[in-house]
Every structure is written in structure tokens, then in C-alpha cells.
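K.L.:
Given next are the chains, with one letter for each unit.
Protein chains: 2
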Amino acid sequence: MPRWESGADARLVQAAYELYLERGFEDVTVAEIAARAGLTKRTFFRYFADKREVLFSGSAAFQASVIAAVLDAPDDVAPIDAVVAALAAAGAGLTALGEGVRKRQHIIDASTDLQEREMIKLATLTSAIGEALGQRSVRGPAASLTAEAGVAVFKTAFERWVRRNGPVEFAPLVDEALNELRGLLAHPEPGERP
Amino acid sequence: MPRWESGADARLVQAAYELYLERGFEDVTVAEIAARAGLTKRTFFRYFADKREVLFSGSAAFQASVIAAVLDAPDDVAPIDAVVAALAAAGAGLTALGEGVRKRQHIIDASTDLQEREMIKLATLTSAIGEALGQRSVRGPAASLTAEAGVAVFKTAFERWVRRNGPVEFAPLVDEALNELRGLLAHPEPGERP
Chain A
1 MPRWESGADA
11 RLVQAAYELY
21 LERGFEDVTV
31 AEIAARAGLT
41 KRTFFRYFAD
51 KREVLFSGSA
61 AFQASVIAAV
71 LDAPDDVAPI
81 DAVVAALAAA
91 GAGLTALGEG
101 VRKRQHIIDA
111 STDLQEREMI
121 KLATLTSAIG
131 EALGQRSVRG
141 PAASLTAEAG
151 VAVFKTAFER
161 WVRRNGPVEF
171 APLVDEALNE
181 LRGLLAHPEP
191 GERP
Chain B
1 MPRWESGADA
11 RLVQAAYELY
21 LERGFEDVTV
31 AEIAARAGLT
41 KRTFFRYFAD
51 KREVLFSGSA
61 AFQASVIAAV
71 LDAPDDVAPI
81 DAVVAALAAA
91 GAGLTALGEG
101 VRKRQHIIDA
111 STDLQEREMI
121 KLATLTSAIG
131 EALGQRSVRG
141 PAASLTAEAG
151 VAVFKTAFER
161 WVRRNGPVEF
171 APLVDEALNE
181 LRGLLAHPEP
191 GERP
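Chains as they are written, first to last, in our numbering: chain A, 1 to 194; chain B, 1 to 194.
Careful, some of the hints might be misleading.
Any copy, or any two copies together, can satisfy a pair, since identical chains are not distinguished.
Once the Cα atoms are required to be at most 20 Å apart in a straight line, the calculated SDA-like pairs of lysine to any residue come out as [claimed, not checked]:
hint, residue 1, residue 2
1, Lys-155, Gly-134
2, Lys-121, Ser-65
3, Lys-51, Ala-61
4, Lys-155, Gly-140
5, Lys-155, Arg-139
6, Lys-121, Ala-110
7, Lys-121, Lys-155
8, Lys-121, Ala-68
9, Lys-51, Val-30
10, Lys-155, Thr-124
11, Lys-121, Ser-111
12, Lys-51, Leu-21
13, Lys-155, Ala-123
14, Lys-155, Ser-111
15, Lys-103, Arg-164
16, Lys-155, Ser-127
17, Lys-155, Ala-96
18, Lys-103, Ser-57
19, Lys-51, Glu-116
20, Lys-103, Glu-116
If you are wondering where the hints come from, they were derived from the structure by calculation, not from laboratory data.
Make the full structure from the sequences, and use the hints.
P.N.:
What follows is the structure in C-alpha cells.
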């Protein structure tokens with residue numbers, strides 16, 4: 001990478017966030033992001049496939065850290081606990097970034113297009129967790145159910161974290177959501193066979 | 001609707017399924033679907049926004065029936081049981097259509113674009129279920145967690161149904177998946193506080 005582009009990706013991300021918050025995601029062009037960062041469109045496309053991907057550039061690293069943690073969990077840890085612990089750790093790393101993460105969510109919440117992109121990233125994460133559990137000899141349907149439950153817990157914790165202002169620890173929110181999910185499922189239907 | 005177009009939507013759906021299965025979704029055009037059905041492109045676009053939507057034309061009715069059932073469930077039924085019963089009933093209606101549903105899934109499984117569209121439809125269904133639970137006075141996070149758990153159970157049951165050949169009852173697969181999810185979550189981490 002030529003010397004003059006050093007830090008280009010960070011400058012592009014900052015410029016994009018500023019513009020998305022000022023004017024709304026839909027109304028901002030790649031040319032404007034590049035101009036605000038003092039760079040060219042060509043440089044933009046060296047780092048990002050499109051203006052949506054600026055907001056999802058951390059997704060691959062997030063997923064990789066979750067999958068590594070699931071695969072590395074000790075064998076005697078229950079699959080759901082391995083998944084939730086992996087998501088809690090990766091989420092703690094994410095939420096430690098603070099206000100930038102809340103701003104990002106604010107931008108996503110204002111755009112159907114971005115919400116769809118985020119759903120797809122989460123669904124991809126869920127599939128990858130299911131496959132990782134498969135490598136830990138959890139059989140197919142249990143693996144995907146566990147992955148879905150873990151990601152549902154993560155989403156609940158993350159939504160709570162986003163809505164609270166100021167510094168909030170992430171891991172306790174994950175524990176709280178997991179306990180809630182257990183409670184929601186613990187009551188069998190009246191008359192159901194035991 | 002002019003008389004000569006009677007049944008046009010059903011003919012378009014059948015033509016699209018035939019072509020998608022013969023040549024793959026990506027390689028089929030709207031003009032070809034219309035021609036196979038003996039209709040014009042203009043008629044196609046009177047019924048469907050694009051060639052993907054032919055495969056999702058039942059989504060709105062499916063979602064409406066699930067939401068109506070959630071809202072109509074007796075007050076003494078636990079939210080998770082109301083959601084799972086609603087999805088089981090709507091799913092039973094869907095799977096009663098038989099081989100066409102398996103063919104549809106076969107087409108979707110072969111296309112990333114269609115898989116993304118299906119994820120979005122399921123995420124939309126999940127949000128709508130969460131909102132319906134909110135109307136039943138289930139508070140926000142419990143509502144969305146319950147909706148996610150219910151949809152995860154539905155997806156697991158549906159995947160099993162699709163993979164089995166011949167007539168298979170849907171409702172028992174849903175009960176099986178719900179019991180599995182309960183089992184997966186029932187084992188607290190060693191050393192966890194009770």
C-alpha cells in the first residue's frame with residue numbers, strides 16, 4: 001500500500017459515519033465519503049465493496065473470534081454455554097469500542113437495506129456457529145438449535161446494551177438474557193406430558 | 001381482472017417452478033416465465049414484483065395466520081407455547097401442500113440470493129411475532145426472545161420435514177424440536193449459581 005494511503009480505511013470509516021449520521025445512509029454517495037476523507041473513489045473501493053460494507057467491515061473478525069472460541073471451549077462445557085460464552089467474549093470486545101458501536105446501530109436502525117444486511121450477517125454467523133458445533137460432535141439439528149438460541153441471547157443482550165447510555169458491562173447482560181430464555185422455556189403447557 | 005387472465009398467477013407460479021428446476025433460478029428470466037405460461041411480462045409484473053417473489057407469494061398469508069393464532073391464543077397459555085402452536089398450525093397447512101414445498105426449498109437452497117430473501121422473510125416473521133406478543137402484554141425482550149426461540153424450533157422442524165420423503169406429519173416434528181431446545185438449555189454450566 002503506498003505511503004500516502006496510510007490509515008485510509010480508518011479515515012473512510014470515520015468520514016462515512018459522519019455523513020451517515022448527518023444526512024442519513026440512503027442519501028450519501030461513495031464519492032462524498034471519499035471526498036470527506038480526502039481520498040478518491042478508487043481508494044474507497046480498494047477497501048470496501050460498497051457503502052454498506054463500511055458498517056460491516058468488522059463482521060468477519062467478529063465471526064472468526066466467536067468460532068475460534070466455540071472450537072476451543074473445553075469438552076465438558078455444554079454446547080449452549082460454549083456458544084454463549086463465545087458470543088459474550090466477542091460482544092465484550094465489540095461493546096468496549098463504546099459510542100461508535102451505538103452510532104453504528106443508530107445508522108442501521110434507520111435503513112431497511114442495512115437492517116437486511118445485518119440480518120444476513122447474523123444468519124451467516126448462526127450457520128457458522130452451527131457448523132463449529134458440528135465439529136465438536138454436536139449432531140446437526142441440536143447444533144443449529146443451539147446456535148439459534150445463542151444468537152437470540154446475544155441479540156437481546158446487545159439491544160439492551162445499545163439502549164443504555166454510558167459504559168455498561170456486556171457479559172452480565174448476556175447471562176441475564178440466557179437465564180430469561182431458560183425461564184421462558186421452562187414452563188410446559190398445562191396438561192403436557194412430562 | 002380481465003376474464004382471459006383467469007388463473008394467471010397459478011400458471012405463472014407453475015411455469016416459474018418448472019423453469020427454476022430445469023435450469024436454475026439465476027438463469028431464468030421473467031420473459032421466459034411469462035412465455036412458458038402463455039402470458040406477457042406485463043401480466044407477470046401485475047402479480048409479482050420480481051422473479052424471486054414468485055417463490056415467496058405465500059409469505060404474507062403465512063405470517064398473517066401465525067400472528068392471528070398468537071393473538072387468539074388463550075391467556076393461560078405460556079407465550080412460547082402460543083408461538084410454537086401458531087407456527088405448528090401454519091406449518092401444517094404449508095407442508096400439507098406436499099412436494100411443491102420440497103421443490104420450492106430445493107430451488108431456494110441452490111441460490112444465495114433466495115436464501116437471503118428467505119432469511120429476511122423469517123426475520124420479518126420473528127419481529128411480527130415479537131410485536132404480537134407485546135400486544136399480549138409480554139414485555140419487550142421476553143417477547144423477542146420467545147419469538148426467536150419459536151422460529152428456531154419451526155426452522156428445525158421444517159428442515160427435518162423437507163429432508164424426509166413422502167408424507168410426514170409436521171406437528172410432531174415441532175414438538176420434538178421444542179423438547180430438544182428445552183433439553184439443550186436445561187443443563188446449567190458447572191459451578192453456575194442456581
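K.L.:
Now tell me, hint by hint, if it's right for this structure.
P.N.:
How the hints compare with the structure:
In this assembly of identical chains, Lys-155 and Gly-134 lie within 20 Å of each other by CA distance solely across copies; the values are 18 Å between and 22 Å within a copy. For the identical chains of this complex, Lys-121 and Ser-65 are intra-copy neighbours only, at 15 Å inside a copy versus 28 Å across copies, given an alpha-carbon limit of 20 Å. In this assembly of identical chains, Lys-51 and Ala-61 lie within 20 Å of each other by CA distance solely inside one copy; the values are 19 Å within and 34 Å between copies. Taking the shortest Cα distances, Lys-155 and Gly-140 sit within 20 Å of each other only across copies (13 Å), while inside one copy they are farther apart (23 Å).
Only between protomers do Lys-155 and Arg-139 lie at most 20 Å apart by alpha-carbon distance; the minimum there is 16 Å, versus 24 Å within a single protomer. In the homo-oligomer, the alpha carbons of Lys-121 and Ala-110 lie at most 20 Å apart both inside one protomer (17 Å) and across protomers (19 Å), since each shortest distance falls under that limit. Both within a single protomer and between protomers do Lys-121 and Lys-155 lie at most 20 Å apart by alpha-carbon distance, with minima of 12 Å and 18 Å respectively. In this assembly of identical chains, Lys-121 and Ala-68 lie within 20 Å of each other by CA distance solely inside one copy; the values are 17 Å within and 30 Å between copies.
Within a single copy, Lys-51 and Val-30 get their C-alpha atoms as close as 6 Å, which meets the 20 Å cut-off; across copies the closest is 29 Å, which misses it. In this assembly of identical chains, Lys-155 and Thr-124 lie within 20 Å of each other by CA distance both inside one copy and across copies; the values are 14 Å within and 15 Å between. In this homomeric assembly, Lys-121 and Ser-111 come within 20 Å of each other (Cα to Cα) both inside a single copy, at 15 Å, and across copies, at 17 Å. For the homomeric pair Lys-51 and Leu-21, the shortest alpha-carbon distance inside one copy (14 Å) is at most 20 Å, but the shortest distance between copies (35 Å) is not.
Taking identical chains as interchangeable, the C-alpha atoms of Lys-155 and Ala-123 lie at most 20 Å apart whether they share a chain (12 Å) or sit on different chains (12 Å). Within a single copy, Lys-155 and Ser-111 get their C-alpha atoms as close as 18 Å, which meets the 20 Å cut-off; across copies the closest is 27 Å, which misses it. In this assembly of identical chains, Lys-103 and Arg-164 lie within 20 Å of each other by CA distance solely inside one copy; the values are 13 Å within and 46 Å between copies. With identical chains, the CA atoms of Lys-155 and Ser-127 are at most 20 Å apart both within one copy (15 Å) and between copies (13 Å).
With identical chains, the CA atoms of Lys-155 and Ala-96 are at most 20 Å apart within one copy only, with a shortest distance of 16 Å there and 33 Å across copies. For a Cα distance limit of 20 Å, the shortest separation of Lys-103 from Ser-57 inside one copy, 15 Å, qualifies, whereas the shortest one across copies, 36 Å, does not. In this assembly of identical chains, Lys-51 and Glu-116 lie within 20 Å of each other by CA distance both inside one copy and across copies; the values are 14 Å within and 19 Å between. Proximity of Lys-103 to Glu-116 under the C-alpha cut-off of 20 Å is restricted to the intra-copy arrangement: shortest distance 18 Å within a copy versus 25 Å between copies.
In this structure, none of the earlier numbered hints is contradicted; all agree with it.
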